[in-house]
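Participant: What follows is the residue order along each chain.
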Amino acid sequence: MSVHLQNVSIRYGEHVAVEDLTVTFERGAVGLLGRNGAGKSSVLKALLGLVQPSGGTMRFSDLPPSASPAEIRAHVGYMPERDAHLPQATGFDMVSLLGMLSGLPRRDAWRRAHEVLYLVGLEEQRYRPVSSYSAGMRQKAKLAAALVHDPQVLFLDEPTNGLDPDGRREMLELVRQLSEELGKSVVFSTHILQDVESVCDSAVVMERGRVVANGLLRDLTAGAEREYHVRVEPADADVVALLGGALRVEPRGDGRFAIWIADDGDTNPVFAGLAAAGVEVRSFVRQRRSLEQVFLSAVRGGGGRT
Amino acid sequence: MSQALNYRPLRCERTRGYARLWPLARQELFSVFKTKWGVALYLFCLIPGLGRLVMLLIIFGVIQFGPVSLRNRLDNDVPEGMLHLSPDHASFYLHSTLEPMPGMVFFLLLTTLVVARSIARDRATNALELYWTRGISPWSYLFAKWWGGFLLTCTVTVVLPLSLWITACFLAEDWTLLQETYAQFFVGLFGVAALTALWTLIGTFVSASASSANAAMVIWCVLLVGTRALGGILSGILREPELMSCLSFWDAGGVIVRAMADLPQPRHWLGGALATFAVLFVATLLIARSRMRVQEALK
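Listed in order, the protein sequences are those of chains B and R.
Under numbering that gives the first Met the number 0, the first residue of the first sequence is numbered 0, with each subsequent residue one higher.
Under numbering that gives the first Met the number 0, the first residue of the second sequence is numbered 0, with each subsequent residue one higher.
Possibly wrong hints are sitting among the right ones.
[Unchecked claim] Here chain B is said to cover these stretches of chain R; the calculated rule only asks that three of the stretch's residues, wherever they fall, bring their Cβ under 8 Å from a Cβ of chain B: (1) 133-140; (2) 158-166.
[Unchecked claim] Chain B residues, not near chain R, derived (Cβ > 10 Å throughout): (3) Pro-68; (4) Pro-233; (5) Glu-291.
[Said to hold, decoys possible] Which residues of chain R face chain B? A few of them, derived with a C-beta cut under 8 Å, are: (6) Ser-30; (7) Thr-124; (8) Leu-129.
Honestly, the hints are just simulated from the structure, not real lab data.
Ideal Cβ positions, reconstructed from N, Cα and C, are used throughout, including at glycine.
All chains, please: the whole structure from these sequences, using the hints.
Facilitator: Below is the structure:
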């Protein structure tokens with residue numbers, strides 16, 4: 000199931016949280032990035048039907064346009080950022096009750112609670128009170144609760160918060176499997192860019208209520224120019240003088256250079272120019288921008304690809 | 000966690016409406032029985048009803064205790080102030096629910112630890128965020144919480160008097176007791192049920208309004224005991240017993256139910272009692288309304 004937002008605006012009184020947002024969360028994992036106050040949570044709240052947008056339309060591809068907010072929430076899984084659990088409840092009690100509140104009959108809710116608790120790795124602890132769980136186990140319990148009613152869309156708000164390295168790796172692997180193997184649409188809201196890089200296919204970067212970058216990660220990180228790291232032999236060859244007239248070249252020492260070529264440019268002139276001067280190319284590796292660079296340039300007003 | 004996911008798609012007919020809310024209400028209804036202290040508290044709250052049952056058994060001679068002529072004496076010449084000691088009068092069955100002692104004390108214990116904490120405790124553990132992002136609305140959630148608390152409280156305030164009355168009807172020599180008391184008793188019982196609904200609803204509003212479970216418990220105790228103390232002091236100083244019925248939240252409820260069932264009661268002011276309830280209900284509703292916004296759960 001994909002989620003479409005068309006010209007969506009969200010206001011809290013005079014404050015504009017989201018302005019004229021048009022974006023589609025396709026099937027697969029999509030990273031929702033942005034600084035505090037960028038409007039990420041408002042988008043999630045609006046998608047959950049908890050906040051009424053002041054303008055625009057939102058549509059879940061598999062639900063009728065007339066679906067009520069409660070009905071939408073019954074088909075969407077939400078994992079909150081904050082620590083949240085039901086008082087006195089065991090892991091099994093919590094997950095099964097939340098399943099029933101999403102519309103599952105009692106027997107199905109019980110069966111599903113066992114299944115999803117096993118899925119997230121809490122099968123041994125399911126009859127322990129959630130209040131006695133570690134931070135990582137609580138995160139897993141929240142994920143199990145988000146999955147219990149078999150939603151097609153999952154909104155995960157900072158799912159790796161408070162997890163140790165092993166727990167974080169497990170959580171990311173699970174999210175990746177949910178999106179890749181089970182075909183769930185996952186909207187992954189986080190501040191941790193590495194998490195998005197390791198799990199998501201695409202990302203939406205928000206700043207001040209607007210989308211400033213949006214697209215597949217490989218496109219976002221490709222940049223307008225391609226950057227190559229080259230190592231040549233002999234190490235003292237003056238590559239800048241040989242290629243600098245046509246390309247941007249930056250020496251990095253010890254026979255290494257960075258070369259930028261326009262996105263639609265050809266790499267053959269590099270090899271040809273160096274070969275003509277008797278310089279041997281030992282390595283030629285394309286570099287990608289990190290998502291952090293994409294994020295920073297987008298939120299600082301540079302914008303990205305939308 | 001790199002093993003293949005053992006995940007089966009879910010195929011079932013989704014529930015709607017009340018069927019979706021009942022699990023939450025049921026959880027609230029049985030929350031007190033999840034700990035041994037909760038069970039002990041609930042059993043403790045049954046003491047007034049059990050005491051009345053023992054009285055009933057003694058009066059009807061099932062338990063041989065005290066003077067043999069007690070039943071005969073209660074049949075004759077019962078002064079109006081003592082009617083609540085005679086099983087032939089409806090007030091016998093409702094007395095322990097409506098009177099401050101023991102009714103209010105046990106009601107206070109049960110509702111303080113269950114109803115007043117219900118939503119405030121969820122707020123403290125951020126459970127509201129889990130509930131309200133499900134297939135129910137915040138007000139449906141509040142309804143389910145109230146309904147569970149109401150049913151639990153009813154087992155003490157309504158089911159016990161009803162059980163007593165049914166027991167008395169079968170213990171009596173003929174159906175005269177039933178014929179003479181049923182009309183007054185059922186009107187009174189309906190009044191108690193309605194009052195329990197209102198009390199627990201106000202308690203739920205208090206719970207929804209309070210920032211913590213402890214604050215909710217304190218506010219609830221102040222509403223019941225504090226207003227009664229205030230009413231007692233002011234009515235004593237001003238020598239106006241009627242003031243009690245409009246200053247004390249608890250007494251106001253008792254006045255309304257007794258007036259409905261035409262049960263004997265001291266000097267009172269029915270209009271004041273109704274106004275007290277109306278003001279309290281509206282005030283707690285408005286505060287709860289402002290605190291039941293979605294923004295409260297999703298910060």
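Participant: Taking the hints in turn, state whether each one holds.
Facilitator: Verification of the supplied hints:
1. 133-140: holds (count 5)
2. 158-166: As far as the stretch 158-166 of chain R goes, the hint is violated, because 0 residues have Cβ atoms under 8 Å from chain B.
3. Pro-68: violated (8 Å)
4. Pro-233: holds (46 Å)
5. Glu-291: Holds, since 26 Å exceeds 10 Å.
6. Ser-30: holds (7 Å)
7. Thr-124: holds (5 Å)
8. Leu-129: The hint holds - R/Leu-129 has a Cβ within 8 Å of chain B, the shortest such distance being about 5 Å.
Checked against the numbered hints given earlier, this structure breaks hints 2 and 3; the rest are met.
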